[in-house]
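Engineer: Given next are the chains, with one letter for each unit.
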Amino acid sequence: MTNSTHKIIVEDLDFYYDDFQALEKVSLKAPANQVTALIGPSGCGKSTFLRTLNRMNDLIEGTQVEGKVLIDNEDIYQDDLDVVSLRKRVGMVFQDPNPFPKSIYDNVAYGPKAHGIKDKDKLDDIVEKSLKRAALWDEVHDRLDKSAIGISGGQQQRLCIARALAVNPDVILMDEPTSALDPVATAKIEELVEELKENYTIIIVTHSMQQAARISDYTAFFLTGEIVEAGPTEKIFERPEDQRTEDYITGRFG
Amino acid sequence: MQKRGKLSKFKEKAIEWFFFGNGILAIIILIGIFTLLLKEGLPTFQEVSIKEFLTSTDWNPTSYSNRSYGIVSLVYSTLLVTVGSLIFAVPLGIACAAYLAEVAHPRMREILKPTVEILAGIPSVVIGFLGIVLVGPMIAKVFNLSNGLNAINGSILLGVMALPTIISISEDAISAVPEEYKQASLALGTNEWHTLITVTLPAALSGIIAAVMLGMGRAIGETMAVLMATGNAPAFPESIFDSVRTMTATIAVELGEVPYNTTHYYSLFAIGLVLFLMTFVVNLISDLVLHKYGEGE
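Those protein sequences? They're chains A and B, same order as listed.
Start counting at 1 in the first sequence, then tack on 17, and there's your number in my numbering.
Start counting at 1 in the second sequence, then tack on 1022, and there's your number in my numbering.
Pulled out of the complex, with its shape left as it was, chain A reads as follows (with noise of 0.2 Å):
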């Protein structure tokens, strides 16, 4: 495959917290409009992994990147990037719903307002299709002025994907979004997932292989901080190259 198809590069990827090394000559080509998820054992890297193509492992003091990230053929880490920018491209979704103690209105509305778009009409179409698009809008049209605290986990999870949508991004990272939901809701945001990959690009950190095997078109294999194997996800799960990878995916750890 040629870079033009490749949303992002990673080439040779060191990350340190401090004197630990995290990851170790990370390289990775995630493919534009698939998801590509990211599997391994607790502590490997892979969440790591994917603050780094959104910078927020800046916010944490003592941390250092070696190696190039290249978003649209861009290195984000070069010296003049703007991250604000950046973080406008590449949306992110958390582990854990973390919604604003705002209304669900003014939570899908933030990220706008906060790129300067005052225009009410024009805030109240943003909030409805991100709603609409997180499959969200038929549950909480009738109530976008009460708390987001209020509304259950897994909305919370989606109006969350509604926020990193409304802010028109072209990749979305998700750190385990579903580790925290029952199974009816996460079947939910997969569904969505799969959907929402017509427009976006996405990678997704998860727990569950099953989980992997179910929505991603490609997948990558973490250990103890460095890539053990990556590739179609059927590959992957069918055909692995690796014993560990087998291992894995075979449930012998992790």
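Since the hints were made in silico from the structure, they are not lab data.
From a predicted model like this one, the values you see are computed outputs, not experimental measurements.
List of simulated lysine to any residue pairs, SDA-like, C-alpha gap at most 20 Å:
id : chain 1 : residue 1 : chain 2 : residue 2
1  : B       : Lys1204   : A       : Asp113
2  : A       : Lys119    : B       : Glu1202
3  : A       : Lys119    : B       : Glu1201
4  : B       : Lys1204   : A       : Asp123
5  : B       : Lys1314   : A       : Ser120
6  : A       : Lys119    : B       : Ala1198
7  : B       : Lys1314   : A       : Pro118
8  : A       : Lys130    : B       : Glu1214
With chain A fixed as given, assemble chain B onto it according to the hints.
Structural biologist: Quick look at chain B alone, frame taken from chain A:
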């Protein structure tokens, strides 16, 4: 298994009662003070009508011919000085708290926060002293007044005294805002300033309000600094550059010289009662707000 002896059972009960006694003591003292204020304050109204007491601006209990016991000027002065102090202390306090909680390097914070808390320990007479020799002349110079002992001087001093409370409690409230909110905001492509103003501070709002209320409680009840620095004129102030006398200063100045068991004497207790009710309401509100905050919305 060995059975517990009677003695150890008794000991446990005794300890329980001891701590209960300690706890109840604070309540007994509070009730005692309140009763005393009522007992000594209420006889005022045998000679002075409650209406005159609460609505007249004339406070002149030592006049030969025409004694008057109106506390409006005193209450107004107290509120003027207090509100003035908050106008100055609240923005400064919240900004300082936000800096400590969100911006300052941990090492800087280790130095700054205890320093701010030491500020609370400066005796109010020292603050009053600074008001006379430092703040007063400065105000007189800047605003071209004959002297700087006036309401705004008191406001500045009270603001300084309320600052440690406001900073310390606001800082706790801001630090307690979940990291997830900030991360969510930053991940949406907003900068840290925007996140602070639109997410962190609103989420900490109830704690900040409680901090302001507690600072205000301190400012209303403060006596020595305002007594020294506000000029002591028990008249109705026309502006913040007039000399004023607060309720606390009035009690402090007059109680030492007043003959016992006269209406004047009783009226000072009545002022104390009104002051007590004012601080009680402020503390009650801050408590309610803090309680709501503790429950996390």
